[in-house]
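Enquirer: Since chain A is already given, all that's left is putting chain B on it; use the hints.
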Amino acid sequence: MVIEVENLVKKFGDFTAVDNISFEVKEGEIFGFLGANGAGKTTAIKMLCGLMAPTSGRGVVAGFDIKTQREKVKRRIGYMSQKFSLYDDLSSYENIMFYGGIYGIRRKELKKKAERLIRKLGLESVENKLLKSLPPGWKQKLAFSVALLHEPSVIFLDEPTGGVDPVTRRQFWELIYETAIEGKTIFVTTHYMDEAEYCDRVSIMVNGRIDAMASPAELKQNFEVTSMEDVFLKLARS
Amino acid sequence: MVIRVQEISKHFKTVQALKNISFQVAEGEVFGLIGPDGAGKTTLIRIMATLLKQDAGNITLAGYNNIEDYEQVRNLIGYVPGKFSLYQDLTVEENLNLFATIFGTTLQENYYLIKDIYQMLEPFKKRRAGNLSGGMKQKLALSCALIHKPKILLLDEPTTGVDPVSRKEFWEMLGRLKNEGITILVTTPYMDEAAKCDRVGLIQTGNILSIDTPQNIITGFPLKIYSVRSLKRVELLHHLRDMPNAHSANLFGDSIHYIQKMPEPDELTLEAALKQAGYLDAKVERIQPVIEDCFIELMKSQIAA
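As you go down the protein sequences, you meet chains A and B in turn. Under the numbering used here, the first sequence has 304 at position 121, and the numbering climbs by one with no breaks. Under the numbering used here, the second sequence has 248 at position 243, and the numbering climbs by one with no breaks.
Read the hints as simulated data drawn from the structure, not as lab findings. Mixed in with the good hints, there may be bad ones.
When the alpha-carbon atoms are kept at most 25 Å apart in a straight line, the in silico DMTMM-like pairs for lysine to aspartate or glutamate are as follows [unchecked claim]:
1. A/K324 x A/E401
2. B/K173 x A/D272
3. B/K142 x A/E342
4. A/K303 x B/E177
5. B/K305 x B/E12
6. A/K294 x A/E361
7. B/K229 x B/E272
8. A/K403 x B/E174
9. A/K312 x A/E254
10. A/K209 x B/D74
11. B/K288 x A/D394
12. A/K312 x B/E127
13. A/K315 x B/D247
14. B/K237 x A/E401
15. B/K142 x A/D197
16. A/K417 x B/E177
17. B/K237 x A/E277
18. A/K229 x A/E401
19. B/K173 x A/D394
20. B/K142 x B/D197
21. B/K154 x B/D259
22. A/K417 x B/D259
23. B/K142 x B/E127
24. A/K417 x B/E272
25. A/K209 x B/D259
26. A/K303 x A/E277
27. B/K288 x A/D202
28. B/K142 x A/E401
29. B/K305 x A/E357
30. B/K173 x A/E412
Partial selection, computed: residues in chain B whose CB lies under 10 Å from chain A [unchecked claim]:
31. G166
32. P169
33. G186
34. L242
35. I292
In this text the structure is predicted, and so the values were computed from the model without any measurement. Idealized CB from N, CA, C, for every residue including glycine.
The following block holds chain A by itself, in its conformation from the complex:
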């Protein structure tokens, strides 16, 4: 298991943001982490990424304890969100070198990786142009690849496709599939319910708890509806 969480709780004063959640995600799985705004998703992700210590419960992510080995967790995971992205005033090449440097990849190795990545993404002709001049779809693919530069076993994608055009959004999901086939674990949040269908398994958080967790097909069957949107509406409104 790449992610193992048991009875995880996070309290802020007398408010319980994450209320006793347990789940496992295995290698190569695409796991959709859904929930309404304010359901506790962000707090849960912060704990899984080693950014925040849990109040109680235990969890292991990428082989390290999320309570006692938070620095090691941070080094072994990848993270990408729509908001936190690359530097617009650096070129593609500079962004790769900068982030690779932060993750402590040795310069010689990093240079090789950067060249390989630029070739793979077809950015050769624009590698020295400032990022802000690139189309959003290219930036997004680069951000995703940069988050994988240090070869983490799991990557956290926090609403990676918000506001993106429908063609780019689909290309991005095809990239996610390719990455999962290579054995990386994908942990993704989204508000697009069609994207929930692309996940192997999905969990839905309601008021700090995980109220449902299964494959999209099973969830639709259990709730006797035909779309993930309806599953979501049924759960979050009940």
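Expert: Frame of chain A; chain B shown alone:
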């Protein structure tokens, strides 16, 4: 027509943000401008709200010009920007009173208009706006925009980053405001929200791709679409794309939307061919397109042109 937008262009340095945009909105209509980030939605709405000036073209709102008559325009519109822009250090109540005073009215005067929304906010009325949850901030911003009973409501991406339940509730709120006779122009990156609008403009990189009722955009789709399902979805996607007459194959939730060049196949022949190719559980069904199918096709033809 309450809103007339005529041949609007706007550039920022080297970027042409809006290219000759024209459309009209009738009184009491809900008009959706739908497109991804960078399409020009915010620029256009800011020009309409008199916060930016266009390079060329004309806009009138209820007969008033957005540049010459900007004061009148500001009085007759309610504007909710995409980024929360109320005073974070003032309480809910103080923000509302501030806006009411600026517009020379009171919270009580048009209370019926914001009653439903305000009742949800009332428990937090002594709380500072900066400490509200995202959903509550949005309700407060909408209340402040409605306080002077605007004729036209301009909403910039009110549902971006919002979960499906809250989005549904927000659209129900807009439905009630429409019933009060308010004309609503709303922008969104979510294609499925087109169905909630009377008419929509699909917009991409500063160009309007299409303007019509959602139903007409769907019935005007020139190609036949097939929904194809198999448990081997990703393999099937690539298989479909590699078929000799393939026009396109795209992931759509739990199925793939497949379009073939002329001659278009019938469902049974297509299904048989897929079974023959090893997709024994393949199911093919002729379907109506959704707005997102239309957007993808329109985007492609724009790039081709």
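Enquirer: Verify the proposed pairing of B/K142 with A/D197, using a straight-line Cα cut of 25 Å.
Expert: holds (23 Å)
Enquirer: Is the hinted pair A/K312 and B/E127 satisfied, with a Cα-Cα distance of at most 25 Å?
Expert: Distance of about 51 Å is beyond 25 Å: violated.
Enquirer: Given the hint that B/K173 pairs with A/D272, test it: the Cα-Cα distance must not exceed 25 Å.
Expert: Given pair B/K173, A/D272 is violated - Cα atoms ~38 Å apart, limit 25 Å.
Enquirer: Tell me if the straight-line CA distance from A/K324 to A/E401 falls inside 25 Å.
Expert: violated (31 Å)
Enquirer: Is the hinted pair A/K403 and B/E174 satisfied, with a Cα-Cα distance of at most 25 Å?
Expert: Within the cut-off at roughly 22 Å; holds.
Enquirer: Please verify whether A/K209 and B/D259 have alpha carbons no more than 25 Å apart.
Expert: At roughly 22 Å apart (the allowed maximum being 25 Å), B/D259 and A/K209 satisfy the hint.
Enquirer: Between the alpha carbons of A/K303 and A/E277, is the straight-line distance 25 Å or under?
Expert: With a Cα-Cα distance of about 16 Å, the restraint between A/K303 and A/E277 holds, given a limit of 25 Å.
Enquirer: A closest beta-carbon separation below 10 Å is what the hint needs, so does B/L242 meet it against chain A?
Expert: Holds, about 8 Å.
Enquirer: Take a quick look at whether B/K173 and A/E412 sit within 25 Å of each other, Cα to Cα.
Expert: holds (11 Å)
Enquirer: Keeping to a limit of 25 Å between CA atoms, is the pair of A/K315 and B/D247 held or broken?
Expert: Answer violated: A/K315 to B/D247 is near 34 Å, above 25 Å.
Enquirer: Under 10 Å is the threshold here; is the Cβ of B/P169 close enough to any Cβ of chain A for the hint to stand?
Expert: holds (5 Å)
Enquirer: Tell me if the straight-line CA distance from B/K154 to B/D259 falls inside 25 Å.
Expert: Status violated; Cα separation ~44 Å.
The structure shown violates the earlier hints numbered 1, 2, 4, 9, 10, 11, 12, 13, 17, 18, 21, 24, 27, 28, 33 and 35.
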